[in-house]
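J.: The residues making up each chain are set out below.
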Amino acid sequence: MQRVLPHGVSASRFDAALAAFRGIVGEAYVFATDEDRDTYLDPYAPGRPESHAAAAGVAPASVEEIQAILAVANRYKVPLWPVSRGKNLGYGTAAPAMTGTVILDLVRLNRILEVDEELGFVLVEPGVGFNDLFAHLQAHGSHLWMSAPAQTWGSVVGNALERGVGYTPYGDHASKVCGMEIVLPGGRIVRTGMGAISGASAWQLFKYGFGPSWEGAFMQSNFGVVTKLGLWMMPEPEATLTLAMNLPRESDLGPAVDALRPLKLGGIVQANPSIANVVRALAMKSSRDQWYRGEGPMPDAVLEEARAKADVGWWNFSIRLFGLPEVNTIHAKVVRSAFAAVTPTEFKTTEWHRGDPLEKSGAAVPSLAPLNVVNWRGGRGGHLTFSPVSPLRGVDAVKQYRMARKRFEEYGFDYYGGFTAGERYLNHITMIIYDRDDEAMTRRARDLYTVLVRNAAAAGYGEYRTHVAFYDEVATTYAWGGSALMRLNETVKDALDPNGILAPGKMGIWPAALRSRRA
Amino acid sequence: MTVPKRPSTARPALATIALATAAVAQTGPPGNTAALRDNGHTLFSASCAYCHGERGFATALLSRRLGPGKAMLEARTDLTPEYVRHAVRHGVGSMPWYRRAELPDVDLDAIIVYLTAAKPTP
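These protein sequences, in sequence, are chains A and B. Residue numbers for the first sequence follow the numbering used here, beginning at 1 and rising by one. Residue numbers for the second sequence follow the numbering used here, beginning at 1 and rising by one.
Please note that the accuracy of each hint is not assured.
[As the list claims (entries may be wrong)] Examples of chain B residues lying across from chain A (beta carbon under 10 Å, computed):
id	residue
1	MET95
2	TRP97
3	ARG100
4	ASP105
5	ASP107
[Said to hold, decoys possible] Partner residues aside, some chain A positions facing chain B, computed with beta carbon under 8 Å:
id	residue
6	ASP36
7	THR39
8	ARG85
9	GLY86
10	ARG108
11	GLU295
12	PRO297
13	PRO299
14	VAL302
15	VAL365
16	LEU371
17	ASN375
The set of hints was computed from the structure by calculation and includes no laboratory data. Glycine residues also receive a C-beta, built at the ideal position from the N, C-alpha and C atoms.
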């Protein structure tokens, strides 16, 4: 098998770098066999996984080892791709933007350094998974709830850095970050905000410190390696009240979003409800061939029949209220009233009270069940997530839905999507689900993705996150002012990382020496 | 048992081994000890049971695809060390693979001992 080498690095020079890495972390934690390299490929790659092949992996166990690895990388000009737990599923998993990059695998930095019950925060290292944090909180009888994305395999730090979302009032994870420790590409360690004071008493409490705020610059970026991260945690509420609704008509989307908007802006609904379409609801509990075996997208008549049989809506969502039971009851009345004005469909109400089984509460609990959706098309399932942002308005939701569905169907896919409501925006999260064993279908998935990005940009919508294969494609849509934002990013990149060794190409940000590689 | 499909980087030799041994019931490798099996049980619970536990979605999926008798990995008698190792390091179906950094070989070996140990006769 042909060896994968970093760009511009000879085999002998790379061997010397690997030997130096072994000297830092030990033989057992440098992963350079063919099989090792394969395990850093994207299992759901929309095309040849080898297009984003790592040259090797190196797994440090401490900040000091990271500093030493960065020094070696600078000396040998070997690029590194930091991953926390390597579970960025649907967005490239652990695979790097540029073939031949060495994975800086941070999974061994897995300490939960602090859990503050009184002030409601945790301080964690990047290797800590949501499952680990949940188990730790449970084992210690914590009264704090974590927020987590749909599947909980991944890293708490990695998810917050990629601006992932969860389903409690703390679901905008990036907004709950308070205080980071970062190793810069040159090896210097920085603590942000109040952490810049020796013996800081409020590092995880006050986000801003003194002077410019830097946390945001290290999210979705390649400016440094985040080694510690503070995250605010929600105190366990006394009760939750869940209002679930399955809307039966396609045309119910716009009115539902408009009914939701004042509830979000007014703080009645603090979590981020997700309005999921019929295919998403079906894919959670079935596979496509149970409903349809024809070519092309499922016809509306088939979808309608499946919808009725599976007892799901054309649009499905839950609004979950967290807090004192009396307050939840009042807020539920406001929510019911708002939706009664736009649909005769009624909410199904369930309540949870402290002490009831947690699974029914709306708290994040470990689950990988959402992975089931990738089996929708059969074969070895792959998924590619297209997730543009729009205003929190019915008219925008409907426009986005129509634009995306039309393209999905042109390319032979079932439109799978939903709208997650933030405070003032909608995140239209769609998934192109394909069979990786079907080369033509995989190619169509890639082509569809590119068309969706371009169509969205032409209408003023942009993605909040994307697969590693499409960083450049999406980055070029953020082009206002002669790509002024990218120029700023590049200026910072070159200043902090003159050798361009840290995650070249991440979010379309290439270091000076590799800028010609931009797709 | 079906052999997992491999990505284009498949090494045929390993796939062939899995094919040759997959259908043969085993009682576990030599040197199997209760301690190792117990450790494997603990590791399985921590790393695998989210999907492959009694209520896990992978158990439901395997039940649909292979039948209820083959749904629970811990109850199977037809798993071989080679197959388990291949599935973990190379993935099966929609299950992604595990890297050595997150699941070291020594831990995988213990899980294999646990899954391939002789099962009590029902």
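J.: Now look at each hint and say whether the structure bears it out.
T.: Quick rundown of the hints versus the structure:
1. MET95: Holds, about 8 Å.
2. TRP97: The hint holds - B/TRP97 has a Cβ within 10 Å of chain A, the shortest such distance being about 5 Å.
3. ARG100: Check passed: Cβ of B/ARG100 comes within 6 Å of chain A, closer than 10 Å.
4. ASP105: Holds, about 9 Å.
5. ASP107: For B/ASP107, the interface hint is violated, since the closest Cβ of chain A sits about 12 Å away, which is over 10 Å.
6. ASP36: Hint holds; A/ASP36 Cβ to chain B Cβ min 6 Å, cut 8 Å.
7. THR39: holds, 4 Å
8. ARG85: Because about 7 Å separates A/ARG85 from the closest Cβ in chain B, which is inside the 8 Å limit, the hint holds.
9. GLY86: Given a least distance of 6 Å, the restraint on A/GLY86 holds.
10. ARG108: Because about 7 Å separates A/ARG108 from the closest Cβ in chain B, which is inside the 8 Å limit, the hint holds.
11. GLU295: violated, 22 Å
12. PRO297: violated, 21 Å
13. PRO299: Hint on A/PRO299: violated, closest Cβ of chain B at ~25 Å, above 8 Å.
14. VAL302: For A/VAL302, the interface hint is violated, since the closest Cβ of chain B sits about 20 Å away, which is over 8 Å.
15. VAL365: Constraint on A/VAL365 not satisfied, violated at 10 Å.
16. LEU371: holds, 6 Å
17. ASN375: holds, 5 Å
Of the numbered hints listed earlier, those contradicted by the structure are 5, 11, 12, 13, 14, 15.
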